[in-house]
Every structure is written in structure tokens, then in C-alpha cells.
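Each chain, letter by letter, is given below.
Protein chains: 2
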Amino acid sequence: MIKLNLKNAVTNSAINKFKKNVEIIGNRIENLESEGFEWLGWKDFPENIHPREIGDINQTAKRLLKQNVELLVVIGIGGSFAGTKAGIEMIQGEYPNKQKIEIMYVGESISSSNIHQKIVYAEEKNFAINVISKSGTTTEPAIAFRLFKKLLEDKIGIYNSTKFIFITTDPTKGSLLKIAQENKYKTFTIPSNIGGRFSVLTAVGLFPMACAGLNIEKILEGAKKANEIYKLANIDKNQAYRYAVARIILNKTLNVELMVQYEPQMKAFNEWWKQLSAESEGKNQRGIFPTSAIFSTDLHSLGQFIQEGKKILFETIMTVKEPDVDINVLKNEKNLDNLNYLSNKSIHEINKIAFNATTDAHVKVAKIPNIHIEFDKMNEESFGEIVMFFERAVTMSAYLLKVNPFNQPGVEIYKQNMFKALGKPE
Amino acid sequence: MIKLNLKNAVTNSAINKFKKNVEIIGNRIENLESEGFEWLGWKDFPENIHPREIGDINQTAKRLLKQNVELLVVIGIGGSFAGTKAGIEMIQGEYPNKQKIEIMYVGESISSSNIHQKIVYAEEKNFAINVISKSGTTTEPAIAFRLFKKLLEDKIGIYNSTKFIFITTDPTKGSLLKIAQENKYKTFTIPSNIGGRFSVLTAVGLFPMACAGLNIEKILEGAKKANEIYKLANIDKNQAYRYAVARIILNKTLNVELMVQYEPQMKAFNEWWKQLSAESEGKNQRGIFPTSAIFSTDLHSLGQFIQEGKKILFETIMTVKEPDVDINVLKNEKNLDNLNYLSNKSIHEINKIAFNATTDAHVKVAKIPNIHIEFDKMNEESFGEIVMFFERAVTMSAYLLKVNPFNQPGVEIYKQNMFKALGKPE
Numbered sequence: 050m051i052k053l054n055l056k057n058a059v060t061n062s063a064i065n066k067f068k069k070n071v072e073i074i075g076n077r078i079e080n081l082e083s084e085g086f087e088w089l090g091w092k093d094f095p096e097n098i099h100p101r102e103i104g105d106i107n108q109t110a111k112r113l114l115k116q117n118v119e120l121l122v123v124i125g126i127g128g129s130f131a132g133t134k135a136g137i138e139m140i141q142g143e144y145p146n147k148q149k150i151e152i153m154y155v156g157e158s159i160s161s162s163n164i165h166q167k168i169v170y171a172e173e174k175n176f177a178i179n180v181i182s183k184s185g186t187t188t189e190p191a192i193a194f195r196l197f198k199k200l201l202e203d204k205i206g207i208y209n210s211t212k213f214i215f216i217t218t219d220p221t222k223g224s225l226l227k228i229a230q231e232n233k234y235k236t237f238t239i240p241s242n243i244g245g246r247f248s249v250l251t252a253v254g255l256f257p258m259a260c261a262g263l264n265i266e267k268i269l270e271g272a273k274k275a276n277e278i279y280k281l282a283n284i285d286k287n288q289a290y291r292y293a294v295a296r297i298i299l300n301k302t303l304n305v306e307l308m309v310q311y312e313p314q315m316k317a318f319n320e321w322w323k324q325l326s327a328e329s330e331g332k333n334q335r336g337i338f339p340t341s342a343i344f345s346t347d348l349h350s351l352g353q354f355i356q357e358g359k360k361i362l363f364e365t366i367m368t369v370k371e372p373d374v375d376i377n378v379l380k381n382e383k384n385l386d387n388l389n390y391l392s393n394k395s396i397h398e399i400n401k402i403a404f405n406a407t408t409d410a411h412v413k414v415a416k417i418p419n420i421h422i423e424f425d426k427m428n429e430e431s432f433g434e435i436v437m438f439f440e441r442a443v444t445m446s447a448y449l450l451k452v453n454p455f456n457q458p459g460v461e462i463y464k465q466n467m468f469k470a471l472g473k474p475e
Numbered sequence: 050m051i052k053l054n055l056k057n058a059v060t061n062s063a064i065n066k067f068k069k070n071v072e073i074i075g076n077r078i079e080n081l082e083s084e085g086f087e088w089l090g091w092k093d094f095p096e097n098i099h100p101r102e103i104g105d106i107n108q109t110a111k112r113l114l115k116q117n118v119e120l121l122v123v124i125g126i127g128g129s130f131a132g133t134k135a136g137i138e139m140i141q142g143e144y145p146n147k148q149k150i151e152i153m154y155v156g157e158s159i160s161s162s163n164i165h166q167k168i169v170y171a172e173e174k175n176f177a178i179n180v181i182s183k184s185g186t187t188t189e190p191a192i193a194f195r196l197f198k199k200l201l202e203d204k205i206g207i208y209n210s211t212k213f214i215f216i217t218t219d220p221t222k223g224s225l226l227k228i229a230q231e232n233k234y235k236t237f238t239i240p241s242n243i244g245g246r247f248s249v250l251t252a253v254g255l256f257p258m259a260c261a262g263l264n265i266e267k268i269l270e271g272a273k274k275a276n277e278i279y280k281l282a283n284i285d286k287n288q289a290y291r292y293a294v295a296r297i298i299l300n301k302t303l304n305v306e307l308m309v310q311y312e313p314q315m316k317a318f319n320e321w322w323k324q325l326s327a328e329s330e331g332k333n334q335r336g337i338f339p340t341s342a343i344f345s346t347d348l349h350s351l352g353q354f355i356q357e358g359k360k361i362l363f364e365t366i367m368t369v370k371e372p373d374v375d376i377n378v379l380k381n382e383k384n385l386d387n388l389n390y391l392s393n394k395s396i397h398e399i400n401k402i403a404f405n406a407t408t409d410a411h412v413k414v415a416k417i418p419n420i421h422i423e424f425d426k427m428n429e430e431s432f433g434e435i436v437m438f439f440e441r442a443v444t445m446s447a448y449l450l451k452v453n454p455f456n457q458p459g460v461e462i463y464k465q466n467m468f469k470a471l472g473k474p475e
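Chains as they are written, first to last, in the numbering used here: chain A, 50 to 475; chain B, 50 to 475.
Next comes chain A alone, as it looks inside the complex:
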């Protein structure tokens, strides 16, 4: 289970002042009485997903593997790909060599250079397509889908291509559903009461994660176990809500939260968290600006600013208790690099010591508030748990900031501007 350490961030008495408020909000969330409650479908989804749907997802992934599909082109933007990438990289690492079917993300940008590179990469491989979008009219994925659909049809023929195109969308409406029906593409469902950034534990994330070779039952198990605690409207027991309160207290004087990982394969997780946090809280001139780093890498970059620059941020540090693999530092007779003093240590031990030494330097010398979150392992159970932890936490913190966690009116402004400039018909 996740261990939360707030001793370098806020006092217990400051937290306890939120006890009553958290209880009220927590109960409203549980009883679907809070603002935006119609988007709370994610909170019990791991319990509610039908075993038949899980079976269907797994079967389909197995079928693709049998048919020698080497690459799954996931077409989606925002919540339609960020959580999937977070899960796969956390569990399998940044190099795709552990992925049973390699996953490539497209439709998350409108760079012609980038899309072209991905077309060149895909066309030499046996590939399948998974388009993920609630409406099907979001510009970026719609452009990419037209291109990759054509690529696949040219490669294996229109008739065959229909067996390798999968649509994840709203079960009852939208143009993507129409396209699927018209072409007889297999569909997966985004429940209508779950928004994009809270959707990673639905088919949105589960299908591509299953294709990559993750055990999706274990992800859901981890989430369910976490839920037993993170649904409690009790600040003494619920670490997710406790973290939310700590952030809100720190946000009174500090505008930036730096999410720090000591494991490079958590980089995509940072990106998922940034969307979750920025879109849920950043409205009505409120919210914490979410940014991220990988240590020790970025100690040789942002580290200088953190240590001695302007005091505008607090840190949330995530470390893993047990690494995937540990390695000992090698001995060397000549010791020209003066490293033999470490040769009785493992690299993970050194990483832990780096964490402690850095925390000390940042907390004691620079007086930067520091939240520490330790999780068990970079595996499926922990991923499910962590997702639930942060989704619960950000929901609570948004309510504490008195904003609706589930809308994103600011994103619509740029979209409307763009549609106008592009001359989109009404």
C-alpha cells in the first residue's frame, strides 16, 4: 500500500482543521450529491465493470497476438492516451521490448513531421488501430484516423482492415459510433459518466494495456483494494484525502507542485498526473500549477533552481519500495574513478540514499515543503492503486478549492477559436 509522509510538508494540526470539511465533501461524493456528480462513474468502475467486458478485452488482445499483429496504433489525445502510456511505461519500462504488441500513440498532435514519421514507422509493420474518442470529432485524432485507416486499407485491403480497427467510444451516440457501425468495426465502451482524464481503468486504457501484455485483472484488483480506503470520508484513515488537504494548505503560499520520480519509467505517469491536476483544478483563477521532474537526472537541471532560486514550489516525491531488478556496483581493482567505496552497495540502495540526501538538502537547507509518497512496486496492482489514489485526491482538492473537478471550460475556448479559424461549418 501507498505510504504517505507529510512530516516535511504540513503539521497534523493544520490538517486536522479540514477534518469536518473533508467528511462533508467525502460523503457528498459517496452519495453522488457533489457538483459534477454525474461524472463520478470512475470511482466504482473497477467494482462495476462486467467480467464479460474484461474477458472480451483479453480475448481480443490474444487474437491480435495470434494474428501476428506487431504494432497497435492508439489514436487519441488527452485522457484517451495519457493514462495508457503511464501504465504501460510504469510496468514495462520506456523501451518497448517488453511489450507483447508494441504500442504507438498518434492523433495527440497536429505536427505533419511527427505524423509522417509515425506513418513511416507503422507501414513496415503488421499493425492494428484503436481509435479512442468519446465524440469522434476531436480534430487531432480524426485527422490521424483518416490517414492510418487509409494506410491499413491500402496494405491489407478494405475488407480485412475492418478486423483490425477497434473503436473505443460512447456506447449510444457520436460520429465514431456511427463510423464503427457503418464499417462493422468492433467497439469498446467509454461509459457516459466517466470523463477522459478519469478513464484509464475503462476500456480506454484496458484494451491497449492488455495488448501490450499487462494483466488488466490485477490492475483492477489493485484499484478495488485501494478503493476500500480511498472512499472513506475520514482524513485519519484516507491517505488520498490527506494528501489533497496537504496540497491545499501548501497552495495558500506556493503556486507550483513539482511531482518528482526517482524512476525514469514513471515519466509518462507524471504527464497523466499533470492533466488530471491541471484540468480538474485550474479554473476560476485557482489551482496548483503541476509540473514534474525525474531525479537524480534533473538535479543536474532544475535542481539548482529548487535549491537556490525563487521560493514558488513544493515537491511531491514518489519512490518505489522494491525495484524491478537490483544490481550491485561492480568492484574495480585500480579504482581510478574512486567508486570502490560503493561496491558493497546495490544501485537501488544508492538511489534511496540519493533520495534521502536530496530531501535533506531541499527541506533543511532550502526550506522547500516536501511530500513523500512511497509505493510498493512498478507492477499492475500498484498502478491500479496509484490511479485511484490520485483520482480521489484531485477530486477532493478541487472541491476544497470550490471548483468542479469534472469540467474543462478553458479547453473549449481554444477549440472554438480553432474551429472558427479553420472555418468549421456549424
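Take these hints with a grain of salt, some might be off.
Note that the list lumps identical chains together, so a pair holds whenever it fits in one copy or between two copies.
What the hints assert, rightly or not - Using 25 Å as the maximum straight-line C-alpha spacing, the simulated BS3-like pairs for lysine-lysine come out as follows:
| hint | residue 1 | residue 2 |
| --- | --- | --- |
| 1 | Lys301 | Lys360 |
| 2 | Lys416 | Lys359 |
| 3 | Lys413 | Lys147 |
| 4 | Lys394 | Lys473 |
| 5 | Lys212 | Lys280 |
| 6 | Lys235 | Lys115 |
| 7 | Lys469 | Lys413 |
| 8 | Lys360 | Lys147 |
| 9 | Lys394 | Lys222 |
| 10 | Lys380 | Lys235 |
| 11 | Lys222 | Lys267 |
| 12 | Lys383 | Lys469 |
| 13 | Lys111 | Lys380 |
| 14 | Lys451 | Lys147 |
| 15 | Lys69 | Lys426 |
| 16 | Lys286 | Lys69 |
| 17 | Lys316 | Lys147 |
| 18 | Lys174 | Lys147 |
| 19 | Lys451 | Lys359 |
| 20 | Lys316 | Lys370 |
| 21 | Lys473 | Lys380 |
| 22 | Lys222 | Lys149 |
| 23 | Lys56 | Lys69 |
| 24 | Lys212 | Lys235 |
| 25 | Lys286 | Lys222 |
In short, the hints are calculated from the structure, not lab data.
Since the structure is predicted, the reported quantities are computational estimates derived from the model, not experimental observations.
With the hints as your guide, set chain B onto chain A.
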């Protein structure tokens, strides 16, 4: 050439107030009279590098290619890898399929899981090693070098391995130089008057970039051409210094600079820039906190906060004038996705329109100051030019903040703490 547009950021009259000051500082820089002047070697290095050194770098890269080396393991942290990665990805894209010799970066973290994955990835390939460190005693790369050296020796024998290990280090001192001499490894030079984060246009970056297949002469050409302008102590002519002044004006009320790219292959460039900026300016409780995003991807993430969250940031937007490739939006008879209204446009045109529409939404609606930098192409010349632009700019802005751009005392604090915790002998 780079086009700088400040009309959505600061007024000309505000900038002109800095004219005299920029002239004084600029002349001090040119005459090596400014604080930290002993680290200004980078500023004329593209002019000063000996053609023999360029030839040697290119010859060595060619030799490796001939010997069927598939992978170059670059071992370094901070400035020893960030600029290289920035250049290679900017010019060749994020997928390594254009790299003549694939480049892998190690020694930039102490995650055992991460190092293990990279060992597994490397051991199946014909690989060479390039260790990059001024001193040779930085913990992260030193640990990685011991492991990869052993891996290579076990694979091809100690004698043969010496022909595939390359050391980039100080030409006159340090333990890495000793190791190279002892083992007869070929060496490249980090000039002693150039610090890590300013070293990408020396052998630090040039050798791995040549191995990846970049034309390093063209990179240096671009830098030299840029230098003709960016060395001028004249705010009317020198866009790099103009950008520096704009940042300092904005920093009076805003603490965060969000560097935004519309091309995903500029992601590693953002990381290089973050180090350059944070380490050069973030001291004495001063500096701008550098953070970054890729649009339109992150409009579906940070976008909400930028549009409607707390007003703590300004944006610096980089766009490319001419894409590597352009693609037209495909037509579709049925038009179920309502995208046919775009089918007379190219994707790069749409990306440009997205940029304009977003700038409008951020500037006019959200009142976020917005700096725009347009560069020509994602090629070698532009990379050299951009590097020189930002190195010049950050040097000026640091001096305007009255801090020494070339030291990093805050990084030493964590290092000393770590050495103490690890029990490093004196």
C-alpha cells in the same frame, strides 16, 4: 533566421529602457570582463574549433559505422547528454529509425530498474561506449560506466573493447583521463573554459551527433552565422538579448516561463533549455522557473490551467516555419467525422492555425503574455542557431538578474549531502 515576436509580451519602450545596460553587459561579455568570464569559451567555440578535430570526430563515427556498430551508449548526466538528445531528436525525430547508429543514454539516473532495462537492450547489439564527464567522478555516470564496460569486455574481450570505448573529458586532468590513458581509449576534449550546459557544440555533443548521422559542420555553420548577430551588444539588432530583456521584464510579476513547442520532436530541446535556464539563473532566490509543454497535446492537459487557472506564468512559443514533410488531410465521401471542411488544407497549415487560435485564446482571453520564436527548419543549421540564441540569451538574462550564469552552487549541496550519506572517503 530566428524571428522573435514580442508584441504580445512587452512594449518597445519597456525594452528600450534596458538599452544602455545591455550594451554595457554585452561589451563586458565580448571583452571577457564579466563575472565568470573564465567560462565563456563556448561563445566563440564554433569559430575556434580546429578542422582537424571535426575531421577526427567524423572519421571516428564513420569507422564505427563501417565496423557495424549498431548502438552508441552515451554515458553522462546533465549537460553531458541533454544537448545531444535535443539535437538528434530535433533533426531526426523521436523514433530512432533515422539514426545511423542508434544512441542510448545511460548514467543519467541511479534507477537499477532503468539501468537493467538498458543493459538488456544493449547486450543483444553491437555497441560502443562514449563516456562524457569532465571529472570522471560524478556518481551516476561512473556507476554506469563500470557496468557497461564490463558488459562490453565480456562480449568482445578486453583487448577489442578498448577500440570501442571513447572518453570525452578534460584534456589535461581528472580520473577519466587517467582511465583513458591507462586503457588506451581514444579521447575527445571538453575545453576547460566551457561548462557542461554550454558544451553541446563541442565534442560532447558533436561525436554522438555525428554517429547518429548528423552533419556536424552544418551545425557549426549555423552557430557561426548566428554568432554574427548574437554577439552584438545592441538590443535593436540582437534578438537573443531582446528575448532576454523581455523575460526579465515579465519576471517582475510572473515566476514561471512555459516553453511551448508545436513539434513533438522538440521535447528533448525543452529539457536542454530547462537545464540551461534553471542552472544559469536559479540562484540567490532569483530566476525564472522553466517548465515546458508540447501543443496541441498539452492543450488537453495544462491548457485548462493556462486558460483559467492562477496567473503565474508567461509563455514562450516556438514554431517551425517549414516542416520536414507536409501531408494533406484526406477526403472521405461519407464525412461521418465532419472533417471534410479541412480536406483542402495541409496538416502543417492546420498546426499553424491551431497556434494562432491558441495564442489568441491565451493572450486576449486569459491575458497571458506570449513570446513567439519562429525558426526555419528542424535541421542542422537551425539547431546551431537556436543553441547560440538561447546560450547568449540566458547569459544576458542571468547578468541582468545580477547572478553569475556559469556556476551551480546549489547542485553541489545535494552532491555533498549524498557523498556524506554514502560514506565517500575524503
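Against the structure, the hints come out as follows:
1. When the C-alpha separation of Lys301 and Lys360 is checked against a cutoff of 25 Å, the pair qualifies both within a copy, at 13 Å, and between copies, at 14 Å.
2. In this assembly of identical chains, the alpha carbons of Lys416 and Lys359 lie at most 25 Å apart whether taken from the same copy (11 Å) or from different copies (23 Å).
3. In this assembly of identical chains, the alpha carbons of Lys413 and Lys147 never lie at most 25 Å apart, being 41 Å within a copy and 47 Å across copies at closest.
4. For a Cα distance limit of 25 Å, the shortest separation of Lys394 from Lys473 across copies, 12 Å, qualifies, whereas the shortest one inside one copy, 62 Å, does not.
5. Taking the shortest Cα distances, Lys212 and Lys280 never come within 25 Å of each other, neither inside one copy (40 Å) nor across copies (60 Å).
6. Taking the closest pair of Cα atoms, Lys235 and Lys115 come within 25 Å of each other only inside a single copy of the chain (17 Å); across copies the shortest separation is 48 Å, beyond that limit.
7. Within a single copy, Lys469 and Lys413 get their C-alpha atoms only as close as 52 Å, which misses the 25 Å cut-off; across copies the closest is 15 Å, which meets it.
8. Proximity of Lys360 to Lys147 under the C-alpha cut-off of 25 Å is found in neither arrangement, the shortest distances being 41 Å within a copy and 42 Å between copies.
9. In this assembly of identical chains, Lys394 and Lys222 lie within 25 Å of each other by CA distance neither inside one copy nor across copies; the values are 58 Å within and 28 Å between.
10. Only between protomers do Lys380 and Lys235 lie at most 25 Å apart by alpha-carbon distance; the minimum there is 23 Å, versus 56 Å within a single protomer.
11. Within a single copy, Lys222 and Lys267 get their C-alpha atoms no closer than 31 Å, and across copies no closer than 54 Å, so neither meets the 25 Å cut-off.
12. Within a single copy, Lys383 and Lys469 get their C-alpha atoms only as close as 69 Å, which misses the 25 Å cut-off; across copies the closest is 23 Å, which meets it.
13. In this homomeric assembly, Lys111 and Lys380 never come within 25 Å of each other (Cα to Cα): the closest approach is 45 Å inside a single copy and 34 Å across copies.
14. Neither within a single protomer nor between protomers do Lys451 and Lys147 lie at most 25 Å apart by alpha-carbon distance, with minima of 43 Å and 50 Å respectively.
15. Taking the shortest alpha-carbon separations for Lys69 and Lys426, neither the intra-copy value of 33 Å nor the inter-copy value of 57 Å comes in at or below 25 Å.
16. For the homomeric pair Lys286 and Lys69, the shortest alpha-carbon distance inside one copy (14 Å) is at most 25 Å, but the shortest distance between copies (61 Å) is not.
17. In this assembly of identical chains, the alpha carbons of Lys316 and Lys147 lie at most 25 Å apart whether taken from the same copy (17 Å) or from different copies (24 Å).
18. In the homo-oligomer, the alpha carbons of Lys174 and Lys147 lie at most 25 Å apart both inside one protomer (17 Å) and across protomers (16 Å), since each shortest distance falls under that limit.
19. Only between protomers do Lys451 and Lys359 lie at most 25 Å apart by alpha-carbon distance; the minimum there is 14 Å, versus 28 Å within a single protomer.
20. In this homomeric assembly, Lys316 and Lys370 come within 25 Å of each other (Cα to Cα) only inside a single copy, at 17 Å, whereas the closest approach across copies is 30 Å.
21. Taking identical chains as interchangeable, the C-alpha atoms of Lys473 and Lys380 lie at most 25 Å apart only when they sit on different chains, with a minimum of 15 Å there against 66 Å within one chain.
22. When the C-alpha separation of Lys222 and Lys149 is checked against a cutoff of 25 Å, the pair qualifies neither within a copy, at 32 Å, nor between copies, at 48 Å.
23. Taking identical chains as interchangeable, the C-alpha atoms of Lys56 and Lys69 lie at most 25 Å apart only when both belong to the same chain, with a minimum of 21 Å there against 49 Å between chains.
24. In this assembly of identical chains, Lys212 and Lys235 lie within 25 Å of each other by CA distance solely inside one copy; the values are 8 Å within and 54 Å between copies.
25. Taking CA atoms no more than 25 Å apart as the test, Lys286 paired with Lys222 passes in neither setting, with 41 Å inside one copy and 57 Å between copies.
This entry does not satisfy hints 3, 5, 8, 9, 11, 13, 14, 15, 22 and 25, going by the numbered hints stated previously.
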